Amino acid sequence: MNEQKHEGADPYSNLTNRTTGNRPKTGLIIVGATVAVVLVLGAVAFFVTRSENNADTAAISNDTGAQAAQNAEQEQASVTVIGEPLAAYPQTSSMVAPPAEDPAVGQTPPVLEGSSFDGSPVKIDPADGRAKVVIFVAHWCPHCQAEVPLIQKWIDEGNKPENVDFYAVSTSVKRDQANYPPSKWVVKEGFTPKVMLDDPAGSAAVAYGLPGFPYFVMMDSAGKVTQRASGEVPIDQFGTLVTALGSQQAAS
Amino acid sequence: MGLSAAGTLSTAMDVDTVTLFLAMLAVLGIGFLLVCLVFSVVAVIHGSRTATKRPALPESLLPLRTGIGQVALPLAFCVALTCTLGSLYLSEVAKFPPCELCWFQRIVMYPQVIILGIAALRRDVLVKWYSVPLVIIGIGISIYHYLVERFPSTVTFSCTGDVPCSTVWVWKFHFLSIPAMAGIGFALIAVLALLACNVEQPAQNQPALDSTEPKSENEDA
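Going line by line, the protein sequences match chains G and L. For the first sequence, full-length UniProt numbering gives the first residue as 1, with consecutive numbering after it. For the second sequence, full-length UniProt numbering gives the first residue as 1, with consecutive numbering after it.
The following block holds chain G by itself, in its conformation from the complex (with noise of 0.2 angstroms):
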């Protein structure tokens, strides 16, 4: 009856008629070959990734992040904070804060005490004597996946001043988020600065002003800041600044 409304060609004329008896075999072959070559990928998923987890080895130095992470007993950690929290970050169009809008330049940062992932403690004291460069990270942020792998770069091929500490704050641990575990990547990275694991509450990010990730705070000989910047700063502008502060260090 509802054909009948249908003017002109009938676009569901074909619907009525079927052919169920004679479908041709090209069809079933095609249906039958696409059922096992997902049934070969399936197997072949489920196989592979069991033998990846068997072989998991990675040469990694010894006292470094990678390593505390290789030997990981805690993704989080309380942290001490003894001292003043640095200032506000500036409201700032660019990823690298000039000092001069900076109110926390000249300031000196709280000491955090606090421990790695293996459970050794890890100390960030701004009064020992050392020029050293605090680098705040989140794991599931997709600016500090990239920023990482170009710092450990940039240090592999010995950039990195002698008289300036790199120290990294593993912060914002989120169980539920991507890339977790972040052991698991800072061993994955090969990265060779001492991590430290903020607690629960990010209570080292707090004291430092942390307004992103990834967040970097330089600090010179003295323990007073030199310079904040926060966002995927490009690793040539990274590496002037670093390179910069080491260089004022020797001069002094």
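Calculated directly from the structure, the hints in this document are not laboratory data. Every value quoted in this text rests on a predicted model; they were computed, and no experiment measured them. Treat the hints loosely; a few may be bogus.
Mimicking BS3-like on lysine-lysine, the simulated pairs with C-alpha atoms at most 27 angstroms apart in a straight line are [unchecked claim]:
1) G:174 with L:172
2) L:53 with G:188
3) G:123 with G:184
4) G:160 with L:95
5) G:184 with L:95
6) G:184 with L:172
7) G:184 with G:174
On the provided structure of chain G, position chain L as indicated by the hints.
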């Protein structure tokens, strides 16, 4: 620690197995799309030598073409179902929270299961008029999402508290992420919906269906 580590490892292996499986299916899909592309080129070249000048496959390839057309709708339904179940597995079992762009792709993908399922049962080859425009929108979102993943700096330069769409949850074979696989799923559905034909009307469907690219089909419309 031992127990929880073993638990995490076994979950990780399962998620890894499933994502690898989905990625291999996506590669299989790419292979199919490439074959379709080659066939389209063959049809255009062969067709240009015929009297009608319209794209047409050589006689020897017609049984294969018709065979694919016969099973195209059930296959498209399977693709939509796989994408939907895969997406639900990643969010509900693997606990990867879907971002905003993921949700837009889900809005396009999930109804395809119902639309194509009914079309496959009814052998309604005209479903392409409803399915293809939607999945083309889906392809657009997938491409944008993939670019955001690859070049997070183009959207933001730092992360704040929220997890951004540029978070890469799955990365297989150095090029496949979740939106990449979704995009391939959309493309497969589009091509399969366009290839679908009924056995009793191969001649009628033949000329238009030889051009397997969704874009060209739309231009025809």
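(message) Could you work out which of the previously given hints the structure breaks and list their numbers from low to high?
(response) 2, 4
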